[in-house]
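Participant: Given next are the chains, with one letter for each unit.
Number of protein chains: 2
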Amino acid sequence: MAETGSDLPVKRPRDDEQEINGSISMETESNYISSVIPGWFSEISPMWPGEAHSLKVEKILFEGKSDFQNVLVFQSSTYGKVLVLDGVIQLTERDECAYQEMITHLPLCSIPNPKKVLVIGGGDGGVLREVARHSSVEQIDICEIDKMVVDVSKQFFPEVAVGYEDPRVKLHIGDGVAFLKAVPAGTYDAIIVDSSDPIALCLFHSGPAQELFEKPFFDTVSKALRPGGVVSTQAESIWLHMHIIEDIVANCRQIFKGSVNYAWTTVPTYPRHILLIFLLLLSVVGVIGFMLCSTEGPSVDFKHPVNPIDADKNPSKSREPLKFYNSEIHTAAFCLPTFAKKVIDSK
Amino acid sequence: MAETGSDLPVKRPRDDEQEINGSISMETESNYISSVIPGWFSEISPMWPGEAHSLKVEKILFEGKSDFQNVLVFQSSTYGKVLVLDGVIQLTERDECAYQEMITHLPLCSIPNPKKVLVIGGGDGGVLREVARHSSVEQIDICEIDKMVVDVSKQFFPEVAVGYEDPRVKLHIGDGVAFLKAVPAGTYDAIIVDSSDPIALCLFHSGPAQELFEKPFFDTVSKALRPGGVVSTQAESIWLHMHIIEDIVANCRQIFKGSVNYAWTTVPTYPRHILLIFLLLLSVVGVIGFMLCSTEGPSVDFKHPVNPIDADKNPSKSREPLKFYNSEIHTAAFCLPTFAKKVIDSK
Numbered sequence: 001m002a003e004t005g006s007d008l009p010v011k012r013p014r015d016d017e018q019e020i021n022g023s024i025s026m027e028t029e030s031n032y033i034s035s036v037i038p039g040w041f042s043e044i045s046p047m048w049p050g051e052a053h054s055l056k057v058e059k060i061l062f063e064g065k066s067d068f069q070n071v072l073v074f075q076s077s078t079y080g081k082v083l084v085l086d087g088v089i090q091l092t093e094r095d096e097c098a099y100q101e102m103i104t105h106l107p108l109c110s111i112p113n114p115k116k117v118l119v120i121g122g123g124d125g126g127v128l129r130e131v132a133r134h135s136s137v138e139q140i141d142i143c144e145i146d147k148m149v150v151d152v153s154k155q156f157f158p159e160v161a162v163g164y165e166d167p168r169v170k171l172h173i174g175d176g177v178a179f180l181k182a183v184p185a186g187t188y189d190a191i192i193v194d195s196s197d198p199i200a201l202c203l204f205h206s207g208p209a210q211e212l213f214e215k216p217f218f219d220t221v222s223k224a225l226r227p228g229g230v231v232s233t234q235a236e237s238i239w240l241h242m243h244i245i246e247d248i249v250a251n252c253r254q255i256f257k258g259s260v261n262y263a264w265t266t267v268p269t270y271p272r273h274i275l276l277i278f279l280l281l282l283s284v285v286g287v288i289g290f291m292l293c294s295t296e297g298p299s300v301d302f303k304h305p306v307n308p309i310d311a312d313k314n315p316s317k318s319r320e321p322l323k324f325y326n327s328e329i330h331t332a333a334f335c336l337p338t339f340a341k342k343v344i345d346s347k
Numbered sequence: 001m002a003e004t005g006s007d008l009p010v011k012r013p014r015d016d017e018q019e020i021n022g023s024i025s026m027e028t029e030s031n032y033i034s035s036v037i038p039g040w041f042s043e044i045s046p047m048w049p050g051e052a053h054s055l056k057v058e059k060i061l062f063e064g065k066s067d068f069q070n071v072l073v074f075q076s077s078t079y080g081k082v083l084v085l086d087g088v089i090q091l092t093e094r095d096e097c098a099y100q101e102m103i104t105h106l107p108l109c110s111i112p113n114p115k116k117v118l119v120i121g122g123g124d125g126g127v128l129r130e131v132a133r134h135s136s137v138e139q140i141d142i143c144e145i146d147k148m149v150v151d152v153s154k155q156f157f158p159e160v161a162v163g164y165e166d167p168r169v170k171l172h173i174g175d176g177v178a179f180l181k182a183v184p185a186g187t188y189d190a191i192i193v194d195s196s197d198p199i200a201l202c203l204f205h206s207g208p209a210q211e212l213f214e215k216p217f218f219d220t221v222s223k224a225l226r227p228g229g230v231v232s233t234q235a236e237s238i239w240l241h242m243h244i245i246e247d248i249v250a251n252c253r254q255i256f257k258g259s260v261n262y263a264w265t266t267v268p269t270y271p272r273h274i275l276l277i278f279l280l281l282l283s284v285v286g287v288i289g290f291m292l293c294s295t296e297g298p299s300v301d302f303k304h305p306v307n308p309i310d311a312d313k314n315p316s317k318s319r320e321p322l323k324f325y326n327s328e329i330h331t332a333a334f335c336l337p338t339f340a341k342k343v344i345d346s347k
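Residue numbers (this note's numbering), protein chains in the order written: chain A, 1 to 347; chain B, 1 to 347.
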């Protein structure tokens with residue numbers, strides 16, 4: 001299963017120099033429609049009926065089909081380069097920092113001296129880049145199902161894929177659920193589920209989408225964590241589907257006997273989405289949520305980070321300073337609007 | 001200038017029962033394009049090149065042209081009824097609570113016993129509804145330039161326009177800047193600039209859009225406030241134009257000698273925008289910002305509210321409880337991402 005690094009060239013752009021003037025449509029097996037209407041890329045899904053978000057396409061840089069999904073990279077006029085998987089925007093150069101920094105530092109700054117970290121998904125490398133800021137970390141495993149995502153990110157998003165350059169990183173290409181099941185119990189201090197594709201796709205093809213947020217998956221994650229270990233995973237937007245969040249929170253409370261918390265932040269172009277259809281919704285409103293949970297053991301108070309990371313200090317001088325995360329925004333992320341607080345506190 | 005209430009019937013919908021099947025375009029004098037493409041309403045502006053947000057139109061309920069702007073109300077498939085002024089979404093039934101509650105309670109919960117409050121703009125009545133929750137308030141003046149907005153809101157958005165039913169409210173139809181200039185110095189405890197239209201339009205026709213956030217306007221506001229009085233005004237999204245916010249903050253610091261703060265929150269469909277072209281941008285990302293400033297006098301610490309409002313207690317039993325605002329979210333709104341904090345703290 002393990003495979004370390006990759007230098008294979010990716011498929012070349014279909015037409016590297018030509019501006020998009022015509023109309024290109026793609027209809028994927030996932031039953032939603034993505035289209036580049038004349039000069040524009042639109043996300044329109046039957047799952048978020050009545051709403052669409054469009055970015056102007058300047059140039060298509062790459063189009064390919066992996067064993068798992070359609071992969072598209074285009075140059076937008078205002079958000080820099082954009083990565084699209086099966087028609088869903090995953091990442092834009094302009095705003096990827098918010099998502100990557102928050103999903104990583106919310107868990108890692110909440111425990112003292114994290115040493116072993118696992119990233120499930122996250123093939124673009126952005127979460128690796130953030131994990132690598134923590135000098136206490138000795139081992140960073142990543143399990144990504146789709147090698148094309150890794151290769152495309154290295155070619156077109158070097159400031160994101162820079163995460164792979166850290167010598168502590170070991171890349172495993174394969175199914176995240178299988179990887180987790182094979183891990184000895186209590187291995188990791190922290191697991192970050194950046195499920196842009198591998199697990200989501202795996203589950204999408206094998207069963208109901210909700211599985212990713214149901215007890216069996218959380219149970220597998222829980223067993224791979226040490227006592228008092230932490231997990232961070234995407235968890236929907238409070239603006240759209242509180243009933244889904246309600247279920248996720250209830251499931252987490254049954255599995256994670258340490259603490260269970262919901263946090264949120266804003267991401268203008270929704271740089272990352274789980275590919276599960278119902279979760280595409282989280283993209284619509286520019287707000288993304290995270291579940292932060294810990295296993296039974298040393299107590300973890302996520303709202304009050306014990307392991308601050310200074311915005312201007314980096315273990316690697318080659319990396320940019322933090323753009324989004326700081327200790328104040330960490331704590332603020334757990335303050336919820338009244339309508340969401342009522343539901344989550346009641347679980 | 002003063003006019004209290006209004007019972008005039010508004011212009012009837014063009015075709016109250018007919019579904020939208022065709023394509024309708026409007027081009028306004030404000031130089032941006034709004035269009036209802038087949039079944040969809042889109043905001044596309046040359047000022048946010050390369051990005052568009054669309055809501056599916058189920059039915060157009062009202063179309064009219066006031067002395068100031070085009071007014072459109074449509075039924076959307078997922079956000080309830082939507083109010084559009086000159087092509088810009090101002091308010092949706094689904095998410096208006098976040099904006100209305102935050103722009104109102106951030107200032108009013110930061111001072112003890114506010115008694116006299118002025119709302120500039122806010123013709124829909126939502127801010128009035130929120131101000132009226134404060135039992136200490138004795139006088140609520142509102143100056144709105146466009147009577148059609150008031151009438152349309154009363155007809156189509158009764159849960160928002162309910163604000164007008166409070167006996168403390170006095171409606172003045174007229175230009176907000178002129179109104180402010182005529183106010184005796186030191187009149188108000190709080191001024192809320194909900195400039196969806198009146199001042200914005202006024203300034204748009206008389207000079208550069210930026211005037212609304214420049215010193216002469218802030219100076220007029222400052223003089224109308226008592227010592228230690230507070231103002232709350234929209235102030236752009238940190239995701240798009242930090243340089244504009246930078247200028248606004250610098251201007252505020254010169255005028256408001258008490259304290260000057262920037263706060264932010266999320267609003268999926270951007271229920272309210274200033275009509276100034278450059279500020280349309282704030283709508284794009286589902287994030288909206290506010291300037292919270294106080295005049296010289298008793299010190300105001302906006303980050304630690306001294307006048308909490310209980311989510312479940314309302315002076316009027318006819319009103320819904322608060323949906324978004326609470327004391328935690330109040331304080332959290334002032335925690336900024338690192339990139340924004342650096343800029344704002346440097347001013």
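These aren't lab readings, by the way, just hints derived from the structure by calculation.
Hints are supplied without guarantee of correctness; some may be wrong.
Identical copies look the same in the list; a pair holds intra-copy or inter-copy alike.
Said to hold, decoys possible - Cut-off 25 Å, straight-line C-alpha distance, at most; resulting in silico cross-link-like pairs (PhoX-like, lysine-lysine):
(1) 341 <-> 323
(2) 170 <-> 257
(3) 215 <-> 342
(4) 342 <-> 303
(5) 303 <-> 341
(6) 347 <-> 323
(7) 303 <-> 323
Participant: All the hints need checking, so say for each whether the structure fits it.
Facilitator: Going through the hints against the structure:
Proximity of residue 341 to residue 323 under the C-alpha cut-off of 25 Å is restricted to the inter-copy arrangement: shortest distance 10 Å between copies versus 28 Å within a copy. Proximity of residue 170 and residue 257 under a CA criterion of 25 Å is satisfied in neither setting, with 30 Å inside one chain copy and 55 Å between copies. Taking CA atoms no more than 25 Å apart as the test, residue 215 paired with residue 342 passes inside one copy only; the shortest distance there is 23 Å, against 42 Å between copies. With identical chains, the CA atoms of residue 342 and residue 303 are at most 25 Å apart both within one copy (18 Å) and between copies (23 Å).
Proximity of residue 303 and residue 341 under a CA criterion of 25 Å is satisfied in both settings, with 15 Å inside one chain copy and 20 Å between copies. For the identical chains of this complex, residue 347 and residue 323 are inter-copy neighbours only, at 18 Å across copies versus 34 Å inside a copy, given an alpha-carbon limit of 25 Å. With identical chains, the CA atoms of residue 303 and residue 323 are at most 25 Å apart both within one copy (20 Å) and between copies (23 Å).
The structure does not agree with numbered hint 2 stated previously, though it agrees with all others.
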